[in-house]
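K.L.:
Residues per chain are reported as follows:
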Amino acid sequence: MMDEARLSAILSRYDGEPYDLIPVLQDIQDQYNYLPKDELHEVAVRLKVPLTQVYSVATFYKMFSLIPKGKHQLKICLGTTCHLKGGQRLVASVCNRLGVEVGYTTKDRQFSVETVGCLGTCAQAPVMMVDDKYYARVTVDKVSKILKLYA
Amino acid sequence: MVNLTIDGRAIQAKKGQTILEVARDNGIYIPYLCYHKALKPIASCRICVVEVKPGPPRPQPACSTYVTEGMEVVTTSERLDVIRRELVKLVLINHALDCPICDKGGECELQNLTHALGIDRVDYEAQVLTPHIDYESSLIERHPDRCVTCGRCIRICRDRVGAMAIHFMNRGYYTELGSGVLPLDCEFCGSCIEICPVGALINKVFKYQARAWELEKTETVCPFCGGGCTYQVQTRDGRILRVANQDSILLCGRGRFGFPVVHSEDRLTTPLIKENGSFRPASWGEALDLVAQRFQEIMAEAGPGAIYGVGSPRATNESNYLFQKFFREVLKTNNLDNPGRYHFVRGMAGLMAVFGVSQVDGLAAPAARVPAYHSPYEVTEGATGSGLMFVLGKLADLPQADVALVVGADVTTELPPLGWALMKARENENFQLIVANPRATKFDRYAALSLQYKPGAERLLMGGLFKAIFAAQPDIAPVINAAGLEEFKESFKKFSLKEYATKAGVDEGQLKTAAELLLKAQAPAIIFGTELLGQDKGQENATALADLFLLVGKPGNPGSGVYMAAEKANTLGLLVVGVLPDRLPGFIPIDKDPGLNLEQMLEALETGHDNAPQALYALGGDLVRWLPNRSRTEKLLKKLKFIVVQDAFLTDTAKLADVILPVAIHVEQEGTFFSSDSKLGLLRKALPENGVRPDWQIIMELANRLGGAFKYVKPAQIFQELAAQLPVCAGLAPGHCFPAPGLTAKLSGQFVPFEQDISLPGRRPYTLIVGKSLQHSGSYTTHQPCGTLMVTPGARLKMNPEDAVALNLGAGETAKIISSHGEITASVSLDADLPPGVVLLPDHFGEPAANRLTLNSNLVRVTIQKM
Ligand code: SF4
Ligand code: SF4
Ligand code: SF4
Ligand code: FES
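Protein chains in written order, with the numbering used here: chain A, 2 to 152; chain B, 14 to 880.
No wet-lab data here; the hints were simulated from the structure. Check before you lean on any hint, since a few could be wrong.
[To be verified] Calculated pairs, DSS-like style, for lysine-lysine (alpha carbon to alpha carbon, straight line, at most 27 Å):
1. B:Lys-53 x A:Lys-49
2. B:Lys-507 x B:Lys-467
3. B:Lys-525 x B:Lys-27
4. B:Lys-53 x B:Lys-467
5. B:Lys-525 x A:Lys-49
6. A:Lys-38 x B:Lys-455
7. B:Lys-724 x A:Lys-49
8. B:Lys-724 x B:Lys-345
9. A:Lys-49 x B:Lys-467
10. B:Lys-437 x A:Lys-49
[What the hints assert, rightly or not] If you only want the chain B side, here are some residues facing chain A, beta carbon under 8 Å, derived:
11. Met-177
12. His-180
13. Asn-183
14. Gly-191
15. Arg-354
16. Lys-455
17. Ala-484
C-beta atoms are modelled at their ideal positions from N, C-alpha and C, and glycine is treated no differently.
Kindly generate the complete structure, drawing on both the sequences and the hints.
P.N.:
Listed below in C-alpha cells is the structure:
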C-alpha cells in the first residue's frame, strides 16, 4: 500500500510541475531506497508527466532504482586505474562474501553492490565506497573487515 | 529556388528543403534510418551522411542539412561507405536474426540497408542482452531485440498522436523501447507499428497472415468516422489482411484494426423476409417485388407521404443521392431525413442561421465531359461564394491556426485527425489552445487554458465569453461583414460576467483570459462535435459558436474556421446530396410541401396524426440503437405497417423489419464520401460482393419496379448527375475539399441571440453524458472479429473514484442507472477525468443501452445504485 502522507510530504516541497520530476524522484529514492511502482504512478499524475516518461527518466539515471536497494550501497570502482590495480578481484571477493551479484541486493536487504566507472580518487586505487564513505586501497583481505563495520 | 549539385547533377530545389528530400525528389538514393517523412528529423542514426561543400570537413547528415545556393553534395564515396557500413554493423550487433519469422521480412528497412550496403558480416561481439519481449499487450507485439533505436515510434506517438505512451528505457547499449507498465495502456492507434522501420513492433491482427510481397493493394477511404482518412487496403484471396496509410502513417485504432468487421460472421448475405415473426432467406427478385408491392398498396391507400425514408451516413453520396431522388421523383414525397438530425444537422442549422446557405455566383455552365468524380463546374476567375460552407475549416489548414477553442469535445475520440492537426499546430510556438469541457480530456495536457464547466452549461459559458470580449473591447468590429451586433450585445445584459462565470462553474479570470486570447488571435479556430450537438439544445450551442466565429473569426487567414466533427464517414455528404425533408441537393430549400423531419415523424407517429407515415425505408441507420429514448422508438416503429431495412448487419432496427436487404460495404463498392471537412473521398472496390449489392443498385431496382426509369451502370454516372446540381462543389476532384480555394468568399453574417440556460431537467444527483469510445464507430465496430474489441470489448460507466466510494461501488462492479425515462445496468470503471457528479457511458453497444435513459438529448440526470 502506498503511504499517501509520506509521498505528499515530498511533493509539497515542489511546484507540482513537470520540471520537478527529477528532484522528486531523488527524494523518493533517498527516503525509500528505491522508486516504488505506486509512487511513480502518483508522481506521474501529480506532476502531469506521462507515466512512460517517468519510467524513462527513472531507468536512465543510475541513481534511481526500481527494485529495493539495500540499507548500504557498495560502489566498487572499475575505472582504468582501479581495473589495473585489481578492481575486478575486489568485485569478486565482495560478491562472494555477500552471496550477491553486481546490480543486486543481498537477501537480508543489507547491501546492494554495483560497479562504477570512476570515483575520482585514482591515486588510491582500488577504491570502494560504502554509502558516502570512501575506502582506499582496498585489497581483498580488507573486505571482511570493512563489511563487518556495517553488519 | 536554390541551385545545387548532387553527385555532379545540377538540381533546383525549394528553399527550406533538406538534402535528403531533394535527393529523394530527384530519384537519388541516400540510405537513412531514423528519418521519416512524417516526422521532423532528429539526425540520430547518421546513416544518411553525405559530403557537403562548402561545409565542415566531416560528413553531414542529409536528413537535417538544408540546401543552400551553390551547394555541392556527394552521396557516395569510399569514406561515406565505410561510415555507413560501420554504423549499420553496430546496429546489427545485437539484432535478432529471426528474419524468417519476422513479419517485417520483405519490407524491412534494415534488411534493405544491409543489402544495399553489401554487409555480409558483423565484426563485433558484445554482451548479449535478454530482450523484454511483450506478447501481453493488445494488438501490438514488441520485440526489443529487433529495435534499431531510431525513435520513430516514440516521436510519432509523442509529436503526432499526442499520446506519449512509449519511450526509451535505460540508456546507451542497454536502451530498450518500453512503456513503463505492462500491458501497454495507450490509444492503440498502431501508428508506431506502421512507422517502425523493422519488425520491432508487430501488428497482432496481421501477424503470420501473409508475407508483404503477396498482398494486393487498393487505395480507398476509411468507412468509420468523418475524418476522411484515405488508406491502402491490402488483400489476399478475397480477404483484407491489413490497412495502411503510407503518407502520414497516421490512422486511428478503429481505422487500422477495425477492418475485420468486413469479414464478420454476422454479415447478412442474402435478402430476408419476415414470415410469422421470423426471417427466411429470399431471392433478390422476390424481396424487391415484395417491397415494391407493399409500397404500392400503402401509397394507394394513404398517398406517397405514407412512406418515410432514412438515409445512411455509411452509404456513399451516390447511394444517398439516388435514395432522395427515388423518394422525390418516383414516390413523389419529401418525407425523408437522416440520423444526423440529432446532432450534425443541428450544427449545420446553427451555422446556417448565422452565415446563411452556401451559394456560388459567376460560374460558367457545367462542362459536358469531365473525368470521373470531378465537378463539371470550373472555378472561373471572378466567381464568388458565400454561406456556411465558407466558414467550415479544412483539416489541412488547421495547423496554421494560432488559437484554437475546443468546446465540449474530446477531440481525438470525436475525430482523430482533428487531434493530429492540433498536434501539428503546436509546432508553431505562438499557438495557444483553449479546451472547454465538463470533464478532463486528452488535450487538457496541451492547453494554455482549460475551462471545466458544468455539464450542459456551455451556453452560459459562451455568454460569459461574449461578455468578457465585449468588456475587453467594447467597440469590436468583426472582420466578417456582420449585421445585428448591437441587438446581440443587448442579449448579455441579463447577467454580470461574475454571474455567468458562477453559473457556468468556471473562473471569471479564465473567461477574461480566453477572451483576450481570442481577441488577439490572427487565425482563431473553433472546434466542436457530436457530443455538444447531441444535446436537445445542440442547435443553440452551434448558433452560439457560429456567433463567436462571426465576432472574432478571420476566415481570410488560413486555419481560421469552424471545425465541426462529423460522427460518421458520410455524415456531411447526406446533407450535401439532399437527404433532408426540406432541402434538395446543394442545400436548395424546398418551399412547397417540405417533408417531416425525423423528430416530427416520430411525433406524428406518437400522436397518431394523419400525416404519420405507415412504412419506413431505412438505408442502414439503426434508429433503435441511436435515437434517444429507445423504448419510445421501439414502440413507435412497431406502429408502422411495413419496414424495409437495407444494412450489412442484423441491427436492432433490422430485427423489426419486414424485409431486410443486405448491402455491400466500403471495400466492396465504388463511390464517394464527404468527410467532416468536405473532402471528397473515393472508394475503390477491393473485394467481390459475394451476393450482397451496393445500395444504389438496390434503390435503382426498387425505383424501376415502381415506375422509375433509372439507368445507371456505375456510380460515376450518378456522381456526374449529382455534381451538376452542386455549383458549390465547383472545381472538386477526389482528395479535394469544397468550396475550392479559387472561389472568392463574400462572407456575411447575422448575429443570432441564443438561449442562455442549462437544460438538464430533474433533480437526480448525477449527470450522465452519453459519449463515444475511441475504439468504436457506431455499432459497426462492435461485431467480431473487429480488432478494437480486444481493447474495448464493451461499454462501462465511467465515474470519479470519489463518487464510486460514496456509492460503495468498485471497478468492475455493476451499477443500476435510473433516469426518468428508463433504467439500465452497467459495469463501472473509475476515471479521475470525470469530475464528481458527472458520469459517462459510451453508446456503441446494444447493452448497456444508454439511449434507454435519454429523451431528445445525450445529457440526462440519473440516480445510480449499487446492484
Ligand atoms: S499505438 Fe498509438 S498511442 Fe499506442 S504507443 Fe503506438 S503510437 Fe502511441
Ligand atoms: S521500435 Fe521500431 S520505430 Fe521504435 S525505436 Fe525501435 S526500431 Fe525505431
Ligand atoms: S475512423 Fe476516422 S480517424 Fe480513424 S482511420 Fe477512419 S477516418 Fe481516420
Ligand atoms: S536518417 Fe539522417 S541521421 Fe538518421
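K.L.:
So, for every hint listed, does it hold in this structure?
P.N.:
Okay, the hints, checked on the actual structure:
1. Distance hint between Lys-53 (chain B) and Lys-49 (chain A) is fulfilled; the C-alpha atoms sit about 25 Å from each other, no more than 27 Å.
2. Of the supplied pair hints, the one linking Lys-507 (chain B) and Lys-467 (chain B) holds, its CA atoms being roughly 19 Å apart against a limit of 27 Å.
3. For the suggested pair Lys-525 (chain B) and Lys-27 (chain B), the alpha carbons sit about 43 Å apart, so the restraint of at most 27 Å is broken.
4. Using a Cα cut-off of 27 Å, the hinted pair Lys-53 (chain B) and Lys-467 (chain B) is violated, with the two alpha carbons roughly 39 Å apart.
5. Proximity of Lys-525 (chain B) to Lys-49 (chain A) is assessed by CA-CA distance (about 25 Å); at most 27 Å being required, the pair is judged to hold.
6. At most 27 Å may separate the alpha-carbon atoms for a hinted pair to count; Lys-38 (chain A) and Lys-455 (chain B) meet this at roughly 23 Å.
7. The suggested pairing of Lys-724 (chain B) with Lys-49 (chain A) is violated, with an alpha-carbon distance near 61 Å, which exceeds 27 Å.
8. Restraint check for Lys-724 (chain B) and Lys-345 (chain B): the C-alpha separation of about 19 Å stays at or below 27 Å, so the hint holds.
9. Taken as a hint, the Lys-49 (chain A) and Lys-467 (chain B) pair is honoured in the structure, with Cα atoms around 23 Å apart against an allowance of 27 Å.
10. Annotation: proposed proximity of Lys-437 (chain B) to Lys-49 (chain A) holds, straight-line Cα distance about 21 Å (limit 27 Å).
11. The beta carbon of Met-177 (chain B) comes within 4 Å of a beta carbon in chain A, closer than 8 Å, and the hint placing it at the interface holds.
12. Evaluation of the His-180 (chain B) hint against chain A yields a held restraint, the C-beta minimum of about 4 Å falling below 8 Å.
13. At its closest, the beta carbon of Asn-183 (chain B) sits 5 Å from a beta carbon of chain A; the interface hint therefore holds under the 8 Å criterion.
14. Evaluation of the Gly-191 (chain B) hint against chain A yields a held restraint, the C-beta minimum of about 7 Å falling below 8 Å.
15. For Arg-354 (chain B), the interface hint is violated, the least distance from its beta-carbon to any beta-carbon of chain A being 40 Å, above 8 Å.
16. With its C-beta approaching chain A no nearer than about 11 Å, Lys-455 (chain B) sits outside the 8 Å limit, and its interface hint is violated.
17. Hint on Ala-484 (chain B) is violated. Least Cβ distance to chain A is approximately 31 Å, over the 8 Å limit.
Hint compliance for this structure: hints 3, 4, 7, 15, 16, 17 are broken, all remaining hints hold.
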